[in-house]
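Chains E and R supply the protein sequences, listed in that same order. In terms of the numbering used here, the numbers along the first sequence are unbroken and rise by one, the last being 474. In terms of the numbering used here, the numbers along the second sequence are unbroken and rise by one, the last being 313.
Be aware that a few hints might be false.
Covered by chain E, per the in silico footprint, the following chain R stretches (three or more residues, Cβ under 8 Å) [to be verified]:
(1) 94 to 102
(2) 109 to 118
(3) 276 to 282
The calculated label-pair distances, taken between Cβ atoms and stated as ranges, are [unchecked claim]:
(4) R/PRO80 <-> E/ARG398: 42 to 50 Å
(5) E/LYS267 <-> R/SER268: 27 to 35 Å
(6) R/GLU255 <-> E/ASN33: 30 to 38 Å
(7) E/ARG216 <-> R/ARG31: 55 to 63 Å
(8) E/LYS452 <-> R/GLU104: 52 to 60 Å
Which residues of chain R face chain E? A partial, calculated answer using Cβ under 10 Å [said to hold, decoys possible]:
(9) MET1
(10) THR5
(11) SER81
(12) MET151
FYI, nobody ran anything at the bench for these hints, they're computed from the structure. From the three backbone atoms N, C-alpha and C, an ideal C-beta is built for every residue, glycine too.
Residues per chain, in single letters:
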Amino acid sequence: MGINKTYFSEMHMSEGPRAPYTGYEAWFANQNNARLATKAQEAEAFFRRTGITFNVYGQQDADERLIPFDLVPRIISSREWTKLSKGIEQRVYAINAFLHDIYNRQEILRAGVIPTDLIAQNDAFLPQMIDFKPPGDVYTHIVGTDIVRTGEDDFFVLEDNARTPSGVSYMLENRETMLQMFPELFSSIRVQPVSDYPKNLRRSLEASAPPGCSGRPCVVILTPGIHNSAYYEHSFLADQMGVELVEGHDLRVVDGHIAMRTTKGYKTIDVIYRRVDDEYLDPLTFNPKSMLGVPGIMDVYRAGNITIANAPGTGVADDKAVYSYIPDIIKFYTGEPAILKNVETYRCSEPQQLKYVLDKLADLVVKEVHGSGGYGMLVGPAASKQELSDFADKLRARPGNYIAQPTLSLSTVPIFTESGLAPRHVDLRPFALVSPKGVNITAGGLTRVALKEGSLVVNSSQGGGTKDTWVLED
Amino acid sequence: MLGKTAGGLYWMFRSLERAENTARLIEAGFRIALTRSTNAEAEWQSVISTLAAQQAYEAASDGYDSAQVVNFLLRDQTNPSSVLSIIKSARDNARMVRTALTTEVWSAVNETWMHFTQLLKDEIPQTELPAVLASIRQQSGLVRGALHGTMLRNDIYDFCRLGTFVERMDSTARIIDVKYYSLLPSPSFVGSRLDNVQWETILRSVSAHRSFRWAVEEDFTAPAIAEFLILDRRMPRSLAFSAGQIVNSMSHLAEEYSTTHPCNEMASALRARLVNRDINSIFDEGLHEFVSAVIDSTSSLAHQIELDYRFTE
């Protein structure tokens, strides 16, 4: 990080707590550190006993790890939230319009707003989706928009996560844990609830069922299985929604519909909330070696007999190269300027921008266009000379594979340590549900926090933790 | 319910039962090894063959000394039937069917797994072994208690119970089969030291050395012990008791699903061979033949259950 940079502190200003934190600060002043430390340990024991864990990829021992939970909440005022949720709704709307257009008339390409190559050369673009309209034209039923903050009024969208965003179980469990640990806080401070999420998710998925479905739609969650890093979340959501958690081998095509094998025979299902990537969804259409999907599901899908959420091929809207055009995409489909700003993004595919990126590599964050989870990225200011020069070689070899962004001065929220409060960088992932009936955004989301002092990487796979996120009532 | 879920519940409880039975067998073997060192090797050999682990054991070790056998049965991760492996598999199944379990049952299984992963990380010194074995039975009791105390009495519960009793049936039958010769009514051996040791071991293997004294008025005789283990319906690890529980769970399922399957008939046939008869008719049939047939029928029944309730495709 550059020297002398100051960060926006969400809890404190020099003259005292920021307005949203006044109630919390007053409560905290009367707490005893030893008691809080005990509470923190209790919370960890609870998470472990309940098995709220994630598996880390690329590690020798496939151990399950806890995502560390910090007991200081991240607090957002109702006014701030109103702006955020309007911005997210606008983005989500535009992304769905974009996907619909890309897979149908492609007006945005004809208008020259984005380059044709961006779509034509994109692995996430699925020809199988061309001329197909999912029920209600909804492509992204669940979106988890990553937002960072750098100042009082400066919010930026970092990623749109329109494929299969995860983390919502932590939003719910973190609140549950806070309610159990500090019930008194919630009677003195009015926090908007998040607990309706599973119910809303089920409603939203049911509302997206194929038009031919009669009776209450049968919804299931499709998981890759217990070894997937987010398996806990899959089973948690199935449990909370009261729907079956299925794997590929539980499903097959029966009479032109997808059906699950039950103890009483095959039962037709209408909506699949899949947590399996496009590539593995149907071995007959995509990766033939996939054991995670359902052979023939794409035919059933195209015949309109099953809803897949999110729709196959939505990834074309959330790679990091398309991301850089989202403000134009919003303008094109809504006629309005984007409410939430993008982070300035350099496309290494363009020679001018590549040159700039190579020059300034030590100040930038470079990401793979299709990457996620903090893997394969370079944080310039934290990298050694050797790492910088190795990465520069990669950039020159495959420039189109990368985008670069300035290192952001992410805001901080304190975490609890044995010696008291200490500021750490945070981001925010609210969750939006989209159905033909509209968009529903839960007030709050997942706050990820970089636990290491000075670190800007909040990903759980890279040592990040989480916080409960409060949106205050008016 | 998903077929896979039914299978996961069934296997989860088979595994937990198996872990507990293995612990009992080790306990009985260990006692012999401590008190009658001359017989120790033969005793461990019969423990290993009761668990049908002869091949795997002999490939991995030479000789049958206590430390080696105990290590293999308790904590060898390359042995798929070690207590540690079985508990891991029970917990994997529990994770898979988590939505079907109450929080209490899930936490009990998860804690059991956490407990033993820690406890069995290093080799267990002889002095610690009794405590470790006791804690296996304790944890198993914890899961069972959570199941009884918190689960709805529906098909989920029935598949759990089926797994428990199919495994127990198989286990008790194998214990009898490996030692069947010592249970034959042969007057010349009665009261000999060898028989007493064998009988005590058999009873300990099913935690019944005390209950036998209370339940059976007769002295320790081979036919009395055989009858207790095979036909006594008061004894929770006897073949007759296990068969009765299997039939009960299966008729609950038939009722709930309003369908009977081939496995219902097979279970009833199995139970019919264990009720309303006396032990002499079994000796006439041949104890070894009888018990082998029970083991085979149990295994066919288990296979049929998997088919009828569509555990897999």
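Results of checking the hints against the structure:
no.	hint	in the structure
1	94 to 102	holds (count 4)
2	109 to 118	holds (count 3)
3	276 to 282	violated (count 0)
4	R/PRO80 <-> E/ARG398: 42 to 50 Å	44 Å, holds
5	E/LYS267 <-> R/SER268: 27 to 35 Å	29 Å, holds
6	R/GLU255 <-> E/ASN33: 30 to 38 Å	59 Å, violated
7	E/ARG216 <-> R/ARG31: 55 to 63 Å	59 Å, holds
8	E/LYS452 <-> R/GLU104: 52 to 60 Å	37 Å, violated
9	MET1	5 Å, holds
10	THR5	8 Å, holds
11	SER81	21 Å, violated
12	MET151	15 Å, violated
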